[in-house]
Amino acid sequence: MKNKIFSLFFLVLIVSCALESKFGLPNDEKINTELIGTWLDIKTNETLLIKKNNEMSYKLIPNDSTEIIFYSKKIKGFNVLNIVTNDNGVKTNSFFGFELRNDTLEFSEVNKDLKETDFNSQAELIKFFNENIDKKGFFINPTIVIRE
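For this note's numbering, add 86 to where a residue sits in the sequence shown, where the first one is 1.
The hints are simulated quantities; they were obtained by calculation from the structure and are not laboratory data. You can take every hint at face value.
Heads up, simulated DSBU-like pairs for lysine-lysine below, C-alpha to C-alpha not over 35 Å straight-line: (1) LYS129 with LYS162; (2) LYS177 with LYS222; (3) LYS162 with LYS221; (4) LYS177 with LYS138; (5) LYS213 with LYS145; (6) LYS129 with LYS201; (7) LYS159 with LYS137; (8) LYS138 with LYS160; (9) LYS159 with LYS198; (10) LYS198 with LYS213; (11) LYS159 with LYS201; (12) LYS159 with LYS108; (13) LYS116 with LYS159; (14) LYS222 with LYS108; (15) LYS145 with LYS162; (16) LYS108 with LYS160; (17) LYS138 with LYS116; (18) LYS221 with LYS198; (19) LYS116 with LYS162; (20) LYS177 with LYS108; (21) LYS201 with LYS177; (22) LYS222 with LYS162; (23) LYS129 with LYS160.
Between the sequences and the hints, there should be enough to build the whole structure, so can you do that?
Here it is, written out as structure tokens:
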């Protein structure tokens, strides 16, 4: 039986309300190897494959021609995924929170409605996270997947 690699993150990026910015968070933390593997959405029976890209980032490969690179950052005790997409030379960073509990991965969108204006620098983005990450409603629309 051929496993279909379902790009859950890619789908979420297309239809999500996640916070986006041309600026990314600092990519200064080594990967969490517990994220690497195949994850199953038990509601849809679709799988999500996460691979190591390098010591500092991960790779999601939804099909033979597309790669999505992302990395993780811990801010005030919260885990954040910074997903980097490049569409016709325009780089966009999208942000999701995540929690790993045993063989369960829960990820949630960072609520873009909390942003009042566009970020003019990485420093403004970091300030936004530091000032808001522990507020109720910062992480929204959780999705849960289990290790396959």
